[in-house]
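Using the sequences provided together with the hints, build the complete structure.
There are 2 protein chains.
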Amino acid sequence: MKALIERIRKEAVYIGNGIIKVDGFVNHQIDPALTTAIGREFASLFAQAGVTQVTKVVTAEVSGIAPALATAQALNVPMLYARKHRPITMANGFYLAEAPSHTKGGVVQLMISPEYLGESDRVLLIDDFLATGSTIEAVVQLVQQSGARLCGIGCVIEKVFEGGREYLADLGVPVITLAKIDLEQDAIVVR
Amino acid sequence: MKALIERIRKEAVYIGNGIIKVDGFVNHQIDPALTTAIGREFASLFAQAGVTQVTKVVTAEVSGIAPALATAQALNVPMLYARKHRPITMANGFYLAEAPSHTKGGVVQLMISPEYLGESDRVLLIDDFLATGSTIEAVVQLVQQSGARLCGIGCVIEKVFEGGREYLADLGVPVITLAKIDLEQDAIVVR
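These protein sequence lines map, in sequence, to chains G and A. For the first sequence, our numbering gives the first residue as 670, with consecutive numbering after it. For the second sequence, our numbering gives the first residue as 670, with consecutive numbering after it.
Derived by calculation from the structure, the hints in this document are not laboratory data. Careful: at least some of the hints might be erroneous.
Copies of one chain are not kept apart here, so a pair can be met inside one copy or by any two copies together.
Unchecked claim - Straight-line C-alpha distance at most 30 Å; calculated DSS-like pairs for lysine-lysine:
no., residue 1, residue 2
1, K849, K753
2, K690, K753
3, K753, K679
4, K690, K679
5, K671, K849
6, K849, K679
7, K690, K849
Right, here's the structure in full:
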């Protein structure tokens, strides 16, 4: 996606150790026009890839919410985000999966209420980053627990050097990313 | 806002102790069309209230992100969400405020990077709930630390019985909410 790739080239900062700062338009401050365009791009690319009749866009809090909402707006289906802390309103059981925590060490728990995801759902999973794929794998587990059908995985930015695409290959669904970042001689290359 | 009020009347569940479950369209699962309409309604109502030239919509993660993004889309200005955990990319100092935590007890910290908020900004603060006002007060403190000007506060749902509107009155800015929930004889009344 040209506008996204150009924005990353212009504003992303490579901090080292594989960490790329895109806080100015993806992770902390959000560019609404770019986010709207990202949602439309996912809707268009998944349609081209044969992913149709999606009933729900699923993501994990926090940073997946903006691109997932924009995709849900484009598809006009509900967006559901996995919670990391069980709210008091999630009283009647929940699907639960664990993913390694990048910021705190240990694991982070992800929860979805069975009220909003079930066997009749066709799910598009959207997140901001495809890195190792382990957070996405945890959301996939939630989808599988619900009996819903996973139809595709879309991530705004792929960190190619972390190998998430290979990790998710066994799922047998289209994995679409809008910008791919690789490391060459300790600098980032964006495609 | 009629569509929102009707949705609350139809789907919200009163759990007791002042807790209202709107997980089906606000807090866990998000209705994209309703969220888009909420953003447009805030843009329209704040313009009518004389709040103009907003440069930034500010909220706090997690559940403020969806309505804040929709408002930012309607106004076509960036949306910035206060983080509860400092990401590794937030390296060069940050504004910090604390709010009582409803889920965990104790306090939750909220952080904003000075890179994205400063003296030239005119801020519209958007959140999902106006309850006691203490989370919003913490975000207001972040805005004040930055030197930006707070121009208005918008919340999707006001829990009238928790008194947040009185708590925020001293700020001297318009406080606009789209649905007002009160408690009468231990049942909710939505206006």
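Now the hints, each set against the structure:
no.: 1; hint: K849 - K753; in the structure: both (27 Å within a copy, 28 Å between copies)
no.: 2; hint: K690 - K753; in the structure: both (23 Å within a copy, 17 Å between copies)
no.: 3; hint: K753 - K679; in the structure: between (32 Å within a copy, 27 Å between copies)
no.: 4; hint: K690 - K679; in the structure: within (12 Å within a copy, 42 Å between copies)
no.: 5; hint: K671 - K849; in the structure: within (11 Å within a copy, 43 Å between copies)
no.: 6; hint: K849 - K679; in the structure: within (15 Å within a copy, 44 Å between copies)
no.: 7; hint: K690 - K849; in the structure: within (14 Å within a copy, 39 Å between copies)
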